[in-house]
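S.K.: As a plain string of letters, each chain reads:
2 protein chains.
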Amino acid sequence: MSKLTKRADNYSEWYNQLVETGGLAEHSAVRGCMVIKPHGFAIWENIQSQLDKMFKETGHQNAYFPIFIPKSFFSKEADHVEGFAKECAVVTHYRLKNAEDGSGVIVDPSAKLDEELIVRPTSETIIWNSFKGWIKSYRDLPLLINQWANVVRWEMRTRLFLRTTEFLWQEGHTAHATREEAIIEAEKILDLYAEFLEEYMAVPVIKGIKTASERFAGALETYCIEALMQDGKALQAGTSHFLGQNFAKAFDVQFADKTGKLEHVWATSWGVSTRLMGALIMTHSDDAGLVLPPKLAPIQVAIVPIYRNEDQLKEITEVVLKLKKEMEALGLRVKFDDDDNRKPGWKFAEYEMKGVPVRIAIGPRDLENGMCEMARRDELSKELIPLDGAANTVNEMMTTIQDNLFNRAIKNREENSHSTDNWEGFIDIINNKGGFVYAHWDGTDETEQKIKEATKATIRCIPLDSQEEDGLCVFSGKPSKRRVLFAKAY
Amino acid sequence: MSKLTKRADNYSEWYNQLVETGGLAEHSAVRGCMVIKPHGFAIWENIQSQLDKMFKETGHQNAYFPIFIPKSFFSKEADHVEGFAKECAVVTHYRLKNAEDGSGVIVDPSAKLDEELIVRPTSETIIWNSFKGWIKSYRDLPLLINQWANVVRWEMRTRLFLRTTEFLWQEGHTAHATREEAIIEAEKILDLYAEFLEEYMAVPVIKGIKTASERFAGALETYCIEALMQDGKALQAGTSHFLGQNFAKAFDVQFADKTGKLEHVWATSWGVSTRLMGALIMTHSDDAGLVLPPKLAPIQVAIVPIYRNEDQLKEITEVVLKLKKEMEALGLRVKFDDDDNRKPGWKFAEYEMKGVPVRIAIGPRDLENGMCEMARRDELSKELIPLDGAANTVNEMMTTIQDNLFNRAIKNREENSHSTDNWEGFIDIINNKGGFVYAHWDGTDETEQKIKEATKATIRCIPLDSQEEDGLCVFSGKPSKRRVLFAKAY
Numbered sequence: 001m002s003k004l005t006k007r008a009d010n011y012s013e014w015y016n017q018l019v020e021t022g023g024l025a026e027h028s029a030v031r032g033c034m035v036i037k038p039h040g041f042a043i044w045e046n047i048q049s050q051l052d053k054m055f056k057e058t059g060h061q062n063a064y065f066p067i068f069i070p071k072s073f074f075s076k077e078a079d080h081v082e083g084f085a086k087e088c089a090v091v092t093h094y095r096l097k098n099a100e101d102g103s104g105v106i107v108d109p110s111a112k113l114d115e116e117l118i119v120r121p122t123s124e125t126i127i128w129n130s131f132k133g134w135i136k137s138y139r140d141l142p143l144l145i146n147q148w149a150n151v152v153r154w155e156m157r158t159r160l161f162l163r164t165t166e167f168l169w170q171e172g173h174t175a176h177a178t179r180e181e182a183i184i185e186a187e188k189i190l191d192l193y194a195e196f197l198e199e200y201m202a203v204p205v206i207k208g209i210k211t212a213s214e215r216f217a218g219a220l221e222t223y224c225i226e227a228l229m230q231d232g233k234a235l236q237a238g239t240s241h242f243l244g245q246n247f248a249k250a251f252d253v254q255f256a257d258k259t260g261k262l263e264h265v266w267a268t269s270w271g272v273s274t275r276l277m278g279a280l281i282m283t284h285s286d287d288a289g290l291v292l293p294p295k296l297a298p299i300q301v302a303i304v305p306i307y308r309n310e311d312q313l314k315e316i317t318e319v320v321l322k323l324k325k326e327m328e329a330l331g332l333r334v335k336f337d338d339d340d341n342r343k344p345g346w347k348f349a350e351y352e353m354k355g356v357p358v359r360i361a362i363g364p365r366d367l368e369n370g371m372c373e374m375a376r377r378d379e380l381s382k383e384l385i386p387l388d389g390a391a392n393t394v395n396e397m398m399t400t401i402q403d404n405l406f407n408r409a410i411k412n413r414e415e416n417s418h419s420t421d422n423w424e425g426f427i428d429i430i431n432n433k434g435g436f437v438y439a440h441w442d443g444t445d446e447t448e449q450k451i452k453e454a455t456k457a458t459i460r461c462i463p464l465d466s467q468e469e470d471g472l473c474v475f476s477g478k479p480s481k482r483r484v485l486f487a488k489a490y
Numbered sequence: 001m002s003k004l005t006k007r008a009d010n011y012s013e014w015y016n017q018l019v020e021t022g023g024l025a026e027h028s029a030v031r032g033c034m035v036i037k038p039h040g041f042a043i044w045e046n047i048q049s050q051l052d053k054m055f056k057e058t059g060h061q062n063a064y065f066p067i068f069i070p071k072s073f074f075s076k077e078a079d080h081v082e083g084f085a086k087e088c089a090v091v092t093h094y095r096l097k098n099a100e101d102g103s104g105v106i107v108d109p110s111a112k113l114d115e116e117l118i119v120r121p122t123s124e125t126i127i128w129n130s131f132k133g134w135i136k137s138y139r140d141l142p143l144l145i146n147q148w149a150n151v152v153r154w155e156m157r158t159r160l161f162l163r164t165t166e167f168l169w170q171e172g173h174t175a176h177a178t179r180e181e182a183i184i185e186a187e188k189i190l191d192l193y194a195e196f197l198e199e200y201m202a203v204p205v206i207k208g209i210k211t212a213s214e215r216f217a218g219a220l221e222t223y224c225i226e227a228l229m230q231d232g233k234a235l236q237a238g239t240s241h242f243l244g245q246n247f248a249k250a251f252d253v254q255f256a257d258k259t260g261k262l263e264h265v266w267a268t269s270w271g272v273s274t275r276l277m278g279a280l281i282m283t284h285s286d287d288a289g290l291v292l293p294p295k296l297a298p299i300q301v302a303i304v305p306i307y308r309n310e311d312q313l314k315e316i317t318e319v320v321l322k323l324k325k326e327m328e329a330l331g332l333r334v335k336f337d338d339d340d341n342r343k344p345g346w347k348f349a350e351y352e353m354k355g356v357p358v359r360i361a362i363g364p365r366d367l368e369n370g371m372c373e374m375a376r377r378d379e380l381s382k383e384l385i386p387l388d389g390a391a392n393t394v395n396e397m398m399t400t401i402q403d404n405l406f407n408r409a410i411k412n413r414e415e416n417s418h419s420t421d422n423w424e425g426f427i428d429i430i431n432n433k434g435g436f437v438y439a440h441w442d443g444t445d446e447t448e449q450k451i452k453e454a455t456k457a458t459i460r461c462i463p464l465d466s467q468e469e470d471g472l473c474v475f476s477g478k479p480s481k482r483r484v485l486f487a488k489a490y
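In the order they appear, the protein sequences are chains H and R.
Just so it is clear: in the first sequence, position 34 is 34 by our numbering, and no numbers are missing.
Just so it is clear: in the second sequence, position 173 is 173 by our numbering, and no numbers are missing.
Mixed in with the good hints there might be a few duds.
Copies of one chain are not kept apart here, so a pair can be met inside one copy or by any two copies together.
Using 30 Å as the maximum straight-line C-alpha spacing, the simulated BS3-like pairs for lysine-lysine come out as follows [stated by the list, open to error]:
{"hint": "1", "residue 1": "K112", "residue 2": "K261"}
{"hint": "2", "residue 1": "K314", "residue 2": "K249"}
{"hint": "3", "residue 1": "K76", "residue 2": "K382"}
{"hint": "4", "residue 1": "K112", "residue 2": "K76"}
{"hint": "5", "residue 1": "K347", "residue 2": "K450"}
{"hint": "6", "residue 1": "K112", "residue 2": "K97"}
{"hint": "7", "residue 1": "K56", "residue 2": "K488"}
{"hint": "8", "residue 1": "K56", "residue 2": "K411"}
{"hint": "9", "residue 1": "K132", "residue 2": "K97"}
{"hint": "10", "residue 1": "K86", "residue 2": "K112"}
To be clear, the hints were calculated from the coordinates, so they are not data collected in a lab.
Just so it is clear, the structure is predicted and the values come from calculations on it, not from any experiment.
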């Protein structure tokens, strides 16, 4: 297995190599579209399954809406079409035919659609068109729907997981009787996302709201969670939007309240995507490959036998199968790798590259001593542990590693979070240190834009927990009531 | 809740009404595309989750490939393009823009793709293009990949679940070192599908192979499972294809065997789709609504309290919560419906329509007597059972209902399976009775086509368990070695 470029030498190249060598994803023959490979997809399935559980526990139901959206639907919400029209895949025909000159297949010009269809970049419009039929009375509210789907946004510059033309995601779409309920929902989901990232992905996040210029197209308020990657760049990991009555009005969705009065309903939408895979990789992984938090690792423990002959293998196998059973009884996901085509060294490198949290190695001498070797992926450390009780030791190690990854990420964020009150300091941090910068901002689009042009740093969010604090805008010197979070971002 | 048309009066209308009224699916604003509603999607999730488990237990891994396929890929396998070109959604542009006359958004003519993209109708070509990079040596084989995805086939006549422009499915794609291994895989999956339909969906199936004219475009052999619906029509519920080396040759996928010699690999592909929902509905449901096999029912037990005042509700709730806990400890999926906005009669009708296998009703007098009322959805029957031990009684009832549904379906199939040796008899059965007809066929495309034109019946399959038996073709009178299975089909 080839070694990766070191992070310190070229972070971006390290990332690309790791994604491919670690068996996570690769570029496809279609510009900007990725193939998610089995190991990557298994991690995504674990992400999906936990999030899905959390959505259902909070009363949401899954459904499925068409991939195609009639072009006219887009125009119904003005901001929405403005935000998405420039990156749409458009279906114009529904048939191919053989070229008459025998040169292959061509689009059949006679099969042109009367109205073009857009491959969904997000599903507000097609879903609100259905909601119109589903919502009549206050009894039908709240309506709490989620969809797991693929979406397409025609991106010009793409990177595996971080920005791809097609990606997988979930999109929640909810309808409520009042403004307050909708806002509570949008905030509840933000908390749910933050809980998932911190407790399962071991990725600490800052919760906040976006500035007007960074809002979702059609939203009154966009809540977000922002994470800091190892290279000092921010990554927006999830968003939750309070949509007001914009879509209800665009699609004329009204409900009768208890008195029979008709009112437009209030909406939210929210989503996380395969982009989370990028956040996971860039928070924990190292120069030796992927590092996975145990809660999301498809294989948590890999057991490698070290043997010279069949008899040794047989003895080891007997002990390992018993150990594996004990581990599985504790809920651990275990692989016993007795593949005879590969040497132990190759297997060690493979599990290191793929981020398996714990590797156990057992040879004949270990058996004699009643011991085995336990290697931790997070710290790349090894120790001998007694076979007796090894299942429990390894099980506890899962918690240790999960916590260690989270604490390391918190520590990295603390070391790379800065506060500054002057423009020179701001530029210095952004250009030379990177990381999060907490600074005062005068609240105008204009200043936000100028700071971006000057430094490539954007306002990631106005943190929800920020304190009121009188200050002067770091760029314009105008008064400001609170610091906002700046960073360069993915 | 409105009553359904009776099956005997108009089966097709009954089906359409049930799918919509039962909360399973509805038509969308996009021609031929459906919206899968929450109750329908919850059933599909149960189907998915069990199949996914069975795929993984047999060594398959999930992955994800792009939704778009470059047009040129289709042309690489001649039969394949012939089979799918006529029903393709084609993406030709990647941007919209505002019309200059302010009339709304239009396709931006300057954003025309150099090569058109096809929305996948099936993924052999894009997947084999990836497999080329994944397969180098015999060590990389077998490669056993599955994908859960949406696909699009531009159907002219559509019906919810049975035939829609977009549908959800899984598609397995495997690569093997030898012809024999690939055939074994295709047959193993056929058995897996049959096991799933019979044991989980309670839908009995006939396993067989398709005639040459009904084969998948690009396959050397297509295996299938065929089920008989209540109205005497057949439904193809799943297919598994032995693809030979066709796609390996089209995409030049070769592997080095142990001696280093390069050979093209052997392939299979196989799939089941949301069409299974149609099979489920049309096998078990009745004039009162949906009937679900317990193994796939999102809610297995609904408990409805009957009360006149808060005190009664409180007493009942106490008992029910204990009962619910006991049931859940046995693994049952239980809903306690204490919604005060709806009357018990409304709830009974709702759970009947939605196919909940067992409904429990408890009133104050039941409490006094230590009893509750248990209603079976499959037989629409009721009985009083002791509250003490009710969890176990209901749990056993799940097995009883699951078995009853399967046995009823078997009985229906037996009563509607016929054998005939003469053309008049054949026509009479097809026109007046429907069902499966076992008859001799001379093995030619020509006869198959003529029988179809004369009767609309097609050869569903050559059953795998059919016995050799000398006979004369029911249409041409030419010699035949075995009976094949005819029916009108969905």
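S.K.: Work down the list of hints and note, for each, if the structure agrees.
M.R.: How the hints compare with the structure:
no. : hint        : result
1   : K112 - K261 : neither (44 Å within a copy, 49 Å between copies)
2   : K314 - K249 : neither (71 Å within a copy, 42 Å between copies)
3   : K76 - K382  : neither (61 Å within a copy, 52 Å between copies)
4   : K112 - K76  : both (23 Å within a copy, 25 Å between copies)
5   : K347 - K450 : neither (52 Å within a copy, 60 Å between copies)
6   : K112 - K97  : both (13 Å within a copy, 19 Å between copies)
7   : K56 - K488  : neither (35 Å within a copy, 41 Å between copies)
8   : K56 - K411  : neither (33 Å within a copy, 39 Å between copies)
9   : K132 - K97  : between (39 Å within a copy, 27 Å between copies)
10  : K86 - K112  : both (22 Å within a copy, 13 Å between copies)
Checked against the numbered hints listed earlier, the structure breaks hints 1, 2, 3, 5, 7 and 8; every other hint is satisfied.
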